[in-house]
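Q: So you can see what is in the structure, the chains are spelled out below.
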Amino acid sequence: GAVVSQHPSRVICKSGTSVKIECRSLDFQATTMFWYRQFPKQSLMLMATSNEGSKATYEQGVEKDKFLINHASLTLSTLTVTSAHPEDSSFYICSARRGAAYYGYTFGSGTRLTVV
Amino acid sequence: AQTVTQSQPEMSVQEAETVTLSCTYDTSESDYYLFWYKQPPSRQMILVIRQEAYKQQNATENRFSVNFQKAAKSFSLKISDSQLGDAAMYFCAYRSSRGTDKLIFGTGTRLQVFP
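So the sequences go chain by chain: G and C.
Position 70 of the first sequence, counting from 1, maps to 70 under this note's numbering, and the rest follow consecutively.
Position 67 of the second sequence, counting from 1, maps to 67 under this note's numbering, and the rest follow consecutively.
FYI, nobody ran anything at the bench for these hints, they're computed from the structure.
Treat the hints with care, since some could be wrong.
[Stated by the list, open to error] The list that follows gives simulated cross-link-like pairs (lysine-lysine, DSBU-like), each with its CA atoms no further than 35 angstroms apart: (1) G:LYS20 - G:LYS64; (2) C:LYS78 - G:LYS41; (3) G:LYS41 - G:LYS14; (4) C:LYS70 - C:LYS55; (5) G:LYS64 - G:LYS14; (6) G:LYS20 - G:LYS66; (7) G:LYS14 - G:LYS66; (8) G:LYS41 - C:LYS55; (9) C:LYS73 - G:LYS41; (10) G:LYS20 - G:LYS55; (11) C:LYS70 - G:LYS41; (12) G:LYS55 - G:LYS66.
[As the list claims (entries may be wrong)] Listed next, the stretches of chain G that the computed footprint assigns to chain C, with coverage defined by at least 3 CB atoms under 8 angstroms from CB atoms of chain C: (13) 16-27; (14) 44-51; (15) 85-96.
Yeah, the Cβ is synthetic: ideal placement off N, Cα and C, and Gly gets one too.
Construct the complete structure from the given sequences, taking the supplied hints into account.
A: Below, the structure is given as structure tokens:
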């Protein structure tokens, strides 16, 4: 089945530094990937849609300069949290769609980011 | 804009019993896709079941089935013979058949399963 690998699973960084999270589709090509943020006991909030070879589309209220998304190949999308602050601490999840929309989306296992 | 509502923040069920999770949505479209996702404590999102709006027949996947009422814009999930491993957050999601490719999630229902 379709597998999406997300790394790292956990990361702790100091305030002011940048952190990169990778999302890879292992056995399929994903022209579109999605990045979500999830606060404790809450739903997934879509941050941006990542399109291979073009600029990401950000949801309203998401800072483009804070959350840099790059989709350089058909199997890799990255989310970089720049100049991280404690309020950026959260759970970040990527997903990709394989094939027809009916088949839904495959999700990565998520990244727990803690900014200290 | 489309919205998805899950009115039950928490539900509980006894092992081997049946439980139904509610989901309603709002859309002006006639063709779309609906999904139920499970998020166990590991936080890994797992697709439970899916439904295409143009299909009248309710989807089933083993112990999981849906009651899709298009006119009422309702998409409930029934879990039969509940197991301890079913304990998780369950999210209902909507996807348009055209335009944007993104999923719209409900707020989730936490399901507890008691032995």
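Q: Could you check the structure against the hints above and give me the numbers of any it violates, in ascending order?
A: 13
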